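> In case you want the letters, here they are:
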Amino acid sequence: MSSRCNLRFLIPGLALLLGGVPSVLAVWPQPQQIRNSAERYSLSARAFLFKHADVSAVRSGCDVLDQAFTRYFTLIFPESGGGGTGDTGAALINTLLHCCVYMHSWNLILNISGLESLSQLVEQDDYGAYYINKTEIEDFPRFQFRGLLLDTSRHYLPLQAILKTLDAMAYSKLNVFHWHIVDDPSFPYQSRKYPDLSKKGAYHPFTHIYTQTDVRRVIEHARLRGIRVLAEFDSPGHTQSWGNGQPSLLTPCYRGDVPSGTYGPVNPILDSTYVFMANLLKEVTSVFPDSYIHLGGDEVDFSCWKSNPDIKAFMKKMGFGSDFTKLESFYMQNIVNISTMLNRSSVVWQDVFDYHEINRPRYVVEVWKWGCYLCEVRRVTKAGLKVILASPWYLDLPGPTHDWARYYNVRPLAFKGTEEQKKLVIGGEVCMWGEYVDATNLSPRLWPRACAAAERLWSDEVQTSSVDQAFPRLTDFRCRLLRRGIQAEPLYVGHCKNEYQGI
Amino acid sequence: MAAMGALLKFGALLLAAVAACVAWEDGDVWDYDGHKLKDSDFLALWPLPQKVQSSAVSFQLSASRFQFTHAEGSSAGSDCSILQNAFRRYFDYIFGFTKKDRDQRRRNAAGSEVLELQVAITSPDAECDGFPSLTSDESYELSVDQPSAVLKAPKVWGALRGLETFSQLVYEDAYDVIAMTNVLNFSVFPDFPRFAHRGVLLDSSRHYLPLKVILANLEAMAMNKYNVFHWHISDDQSFPYVSRMFPDLSQKGSYHPYTHVYTPADVKMVIEFARMRGIRVIAEFDTPGHTQSWGFGQKDLLTPCYTGSSPSGTYGPVNPILNTTYDFMAGFFKEISTVFPDAYVHLGGDEVDFSCWKSNPDIQKFMDQQGFGKDYSKLESFYIQRLLDIVSSTDKGYMVWQEVFDNGVKLKMDTLIHVWKGNEAQYQAEMARVTGAGYRTLLSTPWYLNRISYGQDWRDAYKADPCNFTGTDAQKKLVIGGEACLWGEYVDASNLTPRLWPRASAVAERLWSDQGVRDISDAYVRLVQHRCRMVERGIPAEPLFTGYCRHEYSGV
Chain A
1 MSSRCNLRFL IPGLALLLGG VPSVLAVWPQ PQQIRNSAER YSLSARAFLF KHADVSAVRS
61 GCDVLDQAFT RYFTLIFPES GGGGTGDTGA ALINTLLHCC VYMHSWNLIL NISGLESLSQ
121 LVEQDDYGAY YINKTEIEDF PRFQFRGLLL DTSRHYLPLQ AILKTLDAMA YSKLNVFHWH
181 IVDDPSFPYQ SRKYPDLSKK GAYHPFTHIY TQTDVRRVIE HARLRGIRVL AEFDSPGHTQ
241 SWGNGQPSLL TPCYRGDVPS GTYGPVNPIL DSTYVFMANL LKEVTSVFPD SYIHLGGDEV
301 DFSCWKSNPD IKAFMKKMGF GSDFTKLESF YMQNIVNIST MLNRSSVVWQ DVFDYHEINR
361 PRYVVEVWKW GCYLCEVRRV TKAGLKVILA SPWYLDLPGP THDWARYYNV RPLAFKGTEE
421 QKKLVIGGEV CMWGEYVDAT NLSPRLWPRA CAAAERLWSD EVQTSSVDQA FPRLTDFRCR
481 LLRRGIQAEP LYVGHCKNEY QGI
Chain B
1001 MAAMGALLKF GALLLAAVAA CVAWEDGDVW DYDGHKLKDS DFLALWPLPQ KVQSSAVSFQ
1061 LSASRFQFTH AEGSSAGSDC SILQNAFRRY FDYIFGFTKK DRDQRRRNAA GSEVLELQVA
1121 ITSPDAECDG FPSLTSDESY ELSVDQPSAV LKAPKVWGAL RGLETFSQLV YEDAYDVIAM
1181 TNVLNFSVFP DFPRFAHRGV LLDSSRHYLP LKVILANLEA MAMNKYNVFH WHISDDQSFP
1241 YVSRMFPDLS QKGSYHPYTH VYTPADVKMV IEFARMRGIR VIAEFDTPGH TQSWGFGQKD
1301 LLTPCYTGSS PSGTYGPVNP ILNTTYDFMA GFFKEISTVF PDAYVHLGGD EVDFSCWKSN
1361 PDIQKFMDQQ GFGKDYSKLE SFYIQRLLDI VSSTDKGYMV WQEVFDNGVK LKMDTLIHVW
1421 KGNEAQYQAE MARVTGAGYR TLLSTPWYLN RISYGQDWRD AYKADPCNFT GTDAQKKLVI
1481 GGEACLWGEY VDASNLTPRL WPRASAVAER LWSDQGVRDI SDAYVRLVQH RCRMVERGIP
1541 AEPLFTGYCR HEYSGV
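First to last, the protein sequences are chains A and B. Heads up: the first sequence at position 163 corresponds to 163 in the numbering used here, and the numbers run straight through without jumps. Take any residue in the second sequence, count from 1 to its spot, add 1000: that is its number in the numbering used here.
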């Protein structure tokens, strides 16, 4: 494995054994390999340092690491300044003076994950002193794509709610923020090229939008936490809000021979549509640096297309017959080509794959439909395409929290297929659709249930197959999230040392 | 008008505001498509008053000029702290987002401004220093005109409800100036609650709820005209109530003896905070089941369970055969009766598991002596009977869960039976039985808000009605109301408020408004705005469906 992260806390010299290992070895998600002993070192906020190791390829000046050091120092020593005194009664123990951070230039993100594990290993004893057990961790993620989708169209999410979610994602080692930024109800993305889209398509043109500055802030906040931002501009369906600011983009629906005044999906038969989409996506790729772009393509309602005489004429001309899935495929083909020309890998919802059986471009397929989702994963990988799995992780369906096991027990690779096929499953993501979710209830609905998915996507499946063993660790991790200010709801009866202090 | 036109599409709230602006000029209210607006399109009153008469005329309010005043002849004056505190609270709600006064820019014709709300308490005793009770008069009348609006109520409790209604009549117009829609010059609406007992149950045992959360929810309750906080304070999992007489109960039975407890000062603060909002605090100390946490701090209170002929080391319900049990209960409830001023205390009595009693040889012997045979519900009744006598001697009335009635325990006629079990047919039959036996009752079964599902489940809560059962008018009169329950197995400070609101608002309207108020689509329009109003007032009430609030929740 080339992408390993080593985290070693080895102190040469004398070490006194303190009684017992901690009750819960609470690193979440579970590292690939972890060995710890009862040997305990104290940490002091005054003495502890992060240092670049001699063998590290990075020295200070790497802002991702420098800022992570600052962040994790506060997370490790929440009452820093005072901090633990290091004197825990009569016991004499060694002090861990620094944490060596090994840095491979080609893999920065994993080392951020390493800091997260380190911060989770630090405990506080009854006297308030910080300590860490002698531990060796070798760790790497099982899947490279561990995403979380937020929907900012059904409800506008204030920037603060997004940034907070990114923080919590980093704590769970999730690494892709899938920003479902626009949809039917509103268009909050403020485009430089097409400002009317948000001016006329957002819930409010000033208070309920994401300005370019906002977007940059989200991307930077994510980058510093090793999180990619995958923007989704879903078309040709789910685009009602686009129509307000971009006349003639949407298909006029007809009642009999006359336009009914309502509009359907993007109009796929006009050249102007593709000029617009090319311009918009060009802007989007200049704003969002990630190499992936999500193009949507789900749930296209054909009834409006069917009603429109121009569309029907076009269908005839193209020889599509009355198969509107061919028209959608035609549209998506063009959009994927645009994204390819812009040097981006396209991600599409599974509908696009399902409709498009010949000459599929090399897109990544996100499987989202319920039912036998592994059958779909199998079909997609058989076609040689990469897969992101979302079906089992629709967290907007609330359910009692103890359902977290449902998200934990997912087996993403439990389908019949070759090794090559399994390698094409690049990961999965949890989806928090916004019909019933806004800033008032987002966090408790996401956390800690999303943590269950996070462990499934990061950790070894055999080592983490037991819900019963995971329960105390997750309970502990949930309290840690609360301590860090994340409004994570309880798994069951019980308490945390530091309860949530908001309302 | 161009600017207004551009703003028109942004939903009902602004629509209403703009329409009202138009009204200043032509005196009528139209929506964008030329339909005349109904009151509820912009008057997001929740819960709906018994009777509303309004016109499209709106008046202006100015933060620098508007005042709450005590009307001449009112039996309450500036020494009435309930009203004084309410004035401050409602001033903040009304002018919260527009503290900066922009009167200078106003171009409104003289004479269309409301300068004051005169509050008149009409009965000789305003009850400023009293506590709300089951028989408190919460009625009020409100008429809005310029330059003075008038709120009349027999007692402060009604004035509190009227102030909430008044604040709901106020809205921001598109120019960010406070304006208000108006009830016609001389129009008056007498408003009063349909039911006297309108409660919310919070469970602070399964999870400890920090004081701040309880207080915030009392605020939200007042916004919904709730008047009972049912405090399910202890249960199996923890005993956070700090008893002066038995401090070991919380010392040993809470999650943490200092950080996860309610001290006497905390309890006092909750009661006073509630009183200021016309809310009663009914404490529930549930026995003989649901008492595991009591056992840590009170030796011999719980029944030792047996495996075969030896104690298993585990404990069951309260031990009903020892005199020490009743001595303890007498002392404990004496304290409770002084700490909680309400005339009622909730004694629980639900879900008693008989298996431990069955295993215990001493209990069996006692059963034989008493001639109970194998019927352990008789033993439960024996316990409850003695407990009720103890509580009666402290001059308190009591509420009990329905099992106590179902098991045939002899109850005083002023006992309130709390119905919580079964499906719709079953709880309706139970309501009929309880009222048929002449007892007063309240309903919770359809309002277990800890149960959640995808979509708009507030509709189900809204549709349920406590009087939907077969019975005489006399029986229906015995229904005193209901309670929304939020049990704590999966709920703590992190998710309580958005789970409770606005779903509990649906229950609030059912319990306050006229029985005929049932139009679910009208309710939806009003409730969407009411939820945004709660969000603006700092309560993270979750959304009903896709959409937005002008001021989103900012407490993330």
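Bear in mind the hints are in silico, worked out from the structure with no lab data behind them. Predicted model only: the values in this text are computed from it and were never measured. Note that the Cβ used here is the ideal one computed from N, Cα and C, for glycine as well. Among the hints, erroneous ones may be present.
[Unchecked claim] Which residues of chain B face chain A? A few of them, derived with a C-beta cut under 8 Å, are: (1) Y1255; (2) D1473; (3) Y1553.
> Taking each numbered hint in turn, which are not upheld by the structure, reported in ascending numerical order?
Checked against the structure, the only hint that fails is number 2, while the rest are satisfied.
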